[in-house]
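Novice: Given the coordinates of chain C, work out where chains G and P should sit on it, guided by the hints.
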Amino acid sequence: MSEDLVVSIKGLSKVFRRGDLTALQDIDLDVERGEFVSLIGPSGCGKSTLLRIVGDIIPPSSGSVTVNGKPARRARLDRDYGIVFQSPVLYDWRTVTKNISLPLEMLGWDRGRRSKRIKEMLELVELESFGSHHPWQLSGGMQQRVSIARAFSFSPALLLMDEPFGALDEMTRERLNLELLQIWSETGSTVIFVTHSIQEAVFLSTRVAVMSARPGRIAGIVPVDLPQPRTAATREDPHFFELVTEVREKLQAAGADEVTEEATLQ
Amino acid sequence: MSAIAQPIPRATLADRVGRRARDWVPAVVVFGLGLVAWQWLIPDVFGVKRFLLPRFSDVITTFWNQRSELWSAGWFTFKEALGGFVLGCGLGLLGALVLSRWRRVGEALMPYAIAAGAVPIIAFAPITNAWFGLLSPWSKIVISAVLCFFPVLVNGLRGLTSVAPESLELMRSYAASEREVYRRVRIPNSLPFVFTALKVASVLAMIGAVVGDYFGGSTKALGVVIQSSVALGQFETAWAAILVASILGLGFYAAIAAAERLALSWHPSVRSRAE
Amino acid sequence: MRRGIGRALLFVVVLAAIWGLWEGYRWLWMRQSWSWPFVVDDTSMPHLQDIFGALFDPARVNGPLLITILWHSALFTAKEAAVGFAIGASVGFVLGVVLAHFNVLQRGLLPYIVASQTIPIIAIAPMVVVGLGNYGIAAWLRVAVIAAYLTFFPVTVNTLRGLQSVEPRALELMHSYAASSWAMLWKLRVPAALPYLFAALKVSATASVVGAIIGEAPSSIPDGLGGAIINFNQYYTLNPANLWATNVIAACLGIFFFLVVALVEKLVVRRPPEQRA
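Protein sequences appear in the order of chains C, G and P.
Per this note's numbering, the first sequence starts with residue 6, numbered consecutively.
Per this note's numbering, the second sequence starts with residue -19, numbered consecutively.
Per this note's numbering, the third sequence starts with residue 50, numbered consecutively.
Hints are computed from structural coordinates only; laboratory data are not their basis.
All of these numbers come straight from a predicted model, not from anything done at the bench.
Please note that a few of the clues may not be correct.
[Claimed, not checked] Partner residues aside, some chain G positions facing chain P, computed with beta carbon under 8 Å: (1) Ala7; (2) Phe104; (3) Ile107; (4) Trp111; (5) Pro168; (6) Ile187; (7) Gly213; (8) Ala225.
[Unchecked claim] Partner residues are not named here, just some residues of chain G that face chain P (Cβ under 10 Å, in silico): (9) Trp4; (10) Val10; (11) Ala88; (12) Gly97; (13) Pro106; (14) Trp219; (15) Ser226.
Backbone N, C-alpha and C define an ideal beta-carbon position, used for all residues, glycine too.
Isolated chain C, as found in the complex:
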């Protein structure tokens, strides 16, 4: 059973500023292979910090993080995960193709293997004809799709996503949600997804982890048993609304007054 655990977090805490600021307190969370887990919570609850600790971008203060059966640092050095941020972080001096090839270049893949994979990735995110474009020639949604393609390019077991659609308009966001689910099922990867939006969390996930306000704790987990594959019709499902309400109630109980369904970081 433990081989199926992609991420295992035990007793994780994180303090900043020499103990003045406790961002996370005693987090326990297990994520099994193939799951789609959303982290949702009020602003400042530490969900982005938690994501970064899983990725070994910042170190924990105490507790353990195991990714793919290894300590988080080893997993990072072995490139076991890909990461997508809220801003696409694409490099203007590289074309779309070269942006996607960046991690592959760093992994030492030869040119043939790279171009084959980039072609697959562009098909995956439906940007086949935009390979030679530069990031500034694309809309925000398209740039994020490139960012996702880049994150998947080396087939990591785990994908970490930090409010990737937060800066986009609602229609684009709903469309990209469906695309992301499609990619997720096609690649069979595991996803940890940070979001502000209850609807998005419920729509995308197999489980929603609700976090409390600072210091961040896991206030509750809501399993999402909606049928797969999710479609636009799923949003009309009465059970969808029940789950959204359940998450919202848990959030409010955890001290979150400011989170709303349509919350965007605009």
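Specialist: Leaving out everything else, chains G and P in the frame of chain C:
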């Protein structure tokens, strides 16, 4: 899934040429007015004596007649300027790389580097003459190099360090070494900053070389030609030589600007002009 | 408090390092008799303490102390530079504002403003000085004009960029308040341009001192630092320390001007911390 937005349509060639031409009309008009002023207004209407500013036609005639001497003097000085440019900018880039790598040292020394750039380098021209000898080009090269060093250092450092935090987090997720971060992120990011500084440096290098001549130099040098022509009362020659200095400075600047356009085809300031 | 001590300590360390590097280089090159890049002896690289000591010796036999002479020269040059800075910065600012508002003028004049900086000012300085002399202007003021010439350019370019750097949305907001062009200028564009302006003023502070020195030198104006440099340059082989001391004073003047502008900037502009990475 259709595309969300279409890329910006590129203007046709005819549009672009037409727009460029229209942009330059005011400048051409001013040029014409300037020539008129130089040829007639200033000497005849304002009665400015020829030792202050000779008539345009006289300057041009002298320029043409003495073109080979003037151009060889200009080339001589330009070589000094170029040498100083390469030396100063090279050291500036090296310094920027070093200071960006060892951040704490860089931050501590930055105020001193900036203050050192406030020193009137030109005051040191007599000293470089004493070191390398009046006739040696090195005495002028060093002046130009010091003038070029500081803008390149300051701008290069800014360019190397003004990288978005998320970009560095991305690199960390790729387990990238410091060297790879420099190669793939910091250095390309710094190019726009560096080119701005290089354009400034190109003009400074030429000025530095000419001014250096004023404190003593070879008779083959442009600054010395200007100075001795003034001393001998040959004001048309002096102004013709000044014209040469100016043209060389502008040419150097234009060359760097062209190189910038090639290297930075992706940058907003370049691409918006091309649209 | 701790930061102040740290900074003072760093200052001492830097001074000591400079002294150490100078004397170390000197010792090593003289010992090894290396001649590249230049021969090191008492004339080309006097001891730092000799340079410092020369300040407190009379410059000429039975004359006033060197430092007294240099102090007056520095004041003279400082006056020229300060007035030149004021004129150049004002002209530069006004020019920047005008060019920002009238696109035609910008396209017509900017290329020549840029080109003007390629003219070696030292070459036309004597002509400017003589020419303005016909109008009965004091010598120092004529040099101030030359200093202004070097000062105005960075201010113009940066004012222009700064005024144009306002976000379109902020402009739209002002329009919705039916604000006049004048109000928009002073309430919106100028504050947005301040960081750029101060960046230029710091460069101009140096440029004004350079301009003053360059203006004096070929124009045979003996009272300022430029004149002192020419003078001590003639006697360099006899007494190298004098020229070095003059250069040190000139350097201090340049740094002083720069620090004054930097101080004013700290007081006037509240800047958000630059993006650190």
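Novice: Now look at each hint and say whether the structure bears it out.
Specialist: Hint by hint, here is what the structure shows:
1. Ala7: 5 Å, holds
2. Phe104: 6 Å, holds
3. Ile107: 7 Å, holds
4. Trp111: 4 Å, holds
5. Pro168: 14 Å, violated
6. Ile187: 5 Å, holds
7. Gly213: Gly213 (chain G) check fails; min Cβ-Cβ to chain P is 12 Å, beyond 8 Å.
8. Ala225: 5 Å, holds
9. Trp4: At 7 Å from the nearest chain P Cβ, Trp4 (chain G) passes the 10 Å test, so the hint holds.
10. Val10: 4 Å, holds
11. Ala88: At about 6 Å, which falls below the 10 Å cut-off, the nearest Cβ of chain P leaves the hint on Ala88 (chain G) intact, so it holds.
12. Gly97: Cβ of Gly97 (chain G) sits 7 Å from chain P, so the hint holds.
13. Pro106: 4 Å, holds
14. Trp219: 9 Å, holds
15. Ser226: With Cβ-Cβ at 5 Å, under 10 Å, it holds.
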